[in-house]
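Can you build the whole structure from these sequences, using the hints too?
Residue numbers (our numbering), protein chains in the order written: chain A, 1 to 279; chain B, 1001 to 1203; chain C, 2001 to 2125.
Derived from the structure by calculation, the hints contain no laboratory data. Note that the structure is a prediction, hence the values are computed from the model and not measured. Honestly, I wouldn't trust all of these hints.
[Said to hold, decoys possible] Calculated lysine to aspartate or glutamate pairs in the EDC-like style (CA-CA distance at most 16 Å, straight line): (1) C:2101 x C:2069; (2) C:2037 x A:271; (3) A:22 x C:2027; (4) A:22 x A:93; (5) C:2037 x C:2081; (6) A:103 x A:140; (7) C:2101 x C:2122; (8) A:22 x B:1163; (9) A:89 x A:131.
Spelled out, the chains give:
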Amino acid sequence: MRETTPISPGEFAKFQEFFYRKTGLLFTEAKRYFVDRRLAERMQATGSASFRDYFTLLRFQASGTELQALVNLMTVNETYFYREQYQFKCLVDSMLDEVARTKKPGRPIRIWSVPCATGEEPYTLAIHLLEHWAQVDAFEIEILASDIDTAALDAARAGIYAARAVQYVPMTVRRRYFTELGDDRWQIIPELRRSIEFTRVNLHDRAEVARNGRFDVIFCRNLLIYFDEHSRRQAAESFFDVLYPGGFIGLGHSESMSRISSLFNVRRFPDAIVYQKPR
Amino acid sequence: MPLIRPTPPPGTDPGQAVPAARLDAADPTERRRAALDRAYPDGPAADLCRRLPVENEPAVREAILTALMTIGGPQAVDGLLPLLRSEDAALRNGAIEALQKMDRDVVPHVENLFADPDSDVRIFAVNIVEALRHPLAPAWLFRLVQFERHINVCAAAVDALAEIGTPDMVPALETLTDRFPNQPFLHFAVRLAIRRITGEAEP
Amino acid sequence: MLIVDDAATVRLYYRQVLETAGFAVEEAVNGMEALEKALSRPFDLLVVDVNMPRMDGYTLLRKVREAPDLRAVPAVMISTEAQAGDARRAYEAGANLYLVKPVRPEVLALDVRLMTGVPPGECPK
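This is the structure in C-alpha cells:
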C-alpha cells in the first residue's frame, strides 16, 4: 500500500467527532491503529492525496456513498449462531412476556428477522424460544425471515452450516435441532426448517414490507447502519407501519435509534436496550 | 413444535383498492398513511407543509417530515422556514433536520437567514448550512463569523468551522478573541477550531 | 454526569470545566442518545441543551421525569434562549436549573457542585 501522510491528532479528533455524530460509533485513541489503517485504505481507493482531501470528500459528497463504504470497513459484519445472544435473552426474559400479556387468545405472536442472511439469526431465535421461553407452548409463534438476497435465502432454507457457524451452540442443543452431515457440516432438522417462512424483501419498498403482515417483535440488526440517513428514516417508518402498538425493535449492538428516527420509545430491559412503538 | 409457519395475511397491500388517506382525517393512523403516500418526487409539499404546524401527533409529524425530505424542492423549503420561529422545540428541530437535506433549494435563502433579526434563527441557519453538502458552506459560515455580533451565533459558526474550516480562515478566527474579550467559552471554541483545522494535537 | 449537546465544542468545553472540578463526564449528541445512556447507568446530573435533532432537550426532560429510575436525577438546562418564556418551559419540562449560554466556567462548576451536594473546595468522590 502506498505511504500516505500520517493523520495528525487534530485531524483524528475531527474525524472521530464526525463519525460519532453520523453513526454513533465512537473510536477512541486506543483504536488509532485500527482506524488509521482503514482510513488509509479508503484514501488510497478514492485517490485522496491527503487526509484533508479525503475528509472533504466524506463530508461533502452528495451521494454519501463514501461514508457508507467507510462504515462497511469500520464494522465487522459476521453472522453465526448465538451472535449477540443478549438480545435473544432479552426477547424471552422480557419482551415476549409483555407481548403475551396483551395478546388476544388464539392470535399468533409474530416475530420478524430482517435481514436474515443465510438463516443463522432466525434459527437461533427459534431455538432460543423453544429452549428458554416458559410460555412457548401457550402460544402459536410465527417467525418470518427476510432478506433482499435470494441466494442467501436459498441457503437459509437448506439450513446447512459449517462447524464454525455453530461453535457457540451447546452440544446438547445442537443434537436436538441439527443433524450432523459429516465433514464438519450441520443441518437444521426438517421440522424446524419447515416452521420458518423465508421471503425476499426490499426494505426500501414500503409496500413490499407491508405485504409481510404485522409483527410483535422485529430484529433488524447490523443493517440500518449501512443505509444513508434518509433510507434509514424511511426504513424506520416502514417498521412502524408493520409493528403492532407496543411492539418492539432490536438493533445491532453498535447501532442506536438516536441516529435513525424519533418514532420509537427507548425501553431498558435487564439484558438490552430495545425500541418500542408507542401504544 | 409450537412454531407455526407464517402465511402473510391477505389484503395487507396498501396499494390494493384502499381509499386515498386524508391529511386532515380524525384518525392519526390515516393521517400518517396520508403523509407517507405523498412521499414521492415532486409530491404535494404545500399540503404537507400546511398540515405540519397544526399536527399534534408525533408519529404523524415524523411522517410528514420524512415525506417532505423525499419531495424536497422550493415549496418544501418555503413551508419549513417559518417553523424555525416556532415555540415548539420538537417542530423547530424537525424543520432544521429536514432543511439540512434540501441543499440546492435552501441555498437561495442563506443570506436572508444570516441577516435575520432573531439570533436564534441565525443559530438555526448555521446548523442548517453546516450540514449542507455544498462546497460553499464553509465560506458562508466564515463570512458570517467575520460580521456577526452575537456571541452564541459566532460560537455555533466556530463549532461548524472546526469541522469544515480551512487553514486560510485561521487568522480571522484568531481576531474573534479580541472582538469578544473575557468570553472563555468562545476563546476555547476558537482554539479548538484552529487546532482541528491545522491538525495540531489537542491537550 | 451526562452532557447532552449536539455541538462538539460545547460538550468538550463542559467536559473540561467539569473534569477540572473533579467530576466524571459522559456525552450524548441528542436527547434520545442521552435517554439510552441515562437508562443504562446511573448519573448524578444531566446537563442538557435545548435544540437538538431527533429529540430536543424539553422532550428529553419530560421523558426523564416520567421514567421511575430517572425521576429524581437533577438536571440543568442550558439554552441560547434568554426570554422569560424559555425558562418557564424548561422548569415545566423538569429542569432544576436554567442557564443561558454562554455559561461562565466558574458559574457552571459552582452550580453543578450545589446541585450534586459537593461543597466548594472539596473534590467529588
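Hint check:
no.: 1; hint: C:2101 x C:2069; in the structure: violated (29 Å)
no.: 2; hint: C:2037 x A:271; in the structure: holds (14 Å)
no.: 3; hint: A:22 x C:2027; in the structure: holds (15 Å)
no.: 4; hint: A:22 x A:93; in the structure: violated (32 Å)
no.: 5; hint: C:2037 x C:2081; in the structure: violated (26 Å)
no.: 6; hint: A:103 x A:140; in the structure: holds (11 Å)
no.: 7; hint: C:2101 x C:2122; in the structure: violated (26 Å)
no.: 8; hint: A:22 x B:1163; in the structure: holds (13 Å)
no.: 9; hint: A:89 x A:131; in the structure: holds (11 Å)
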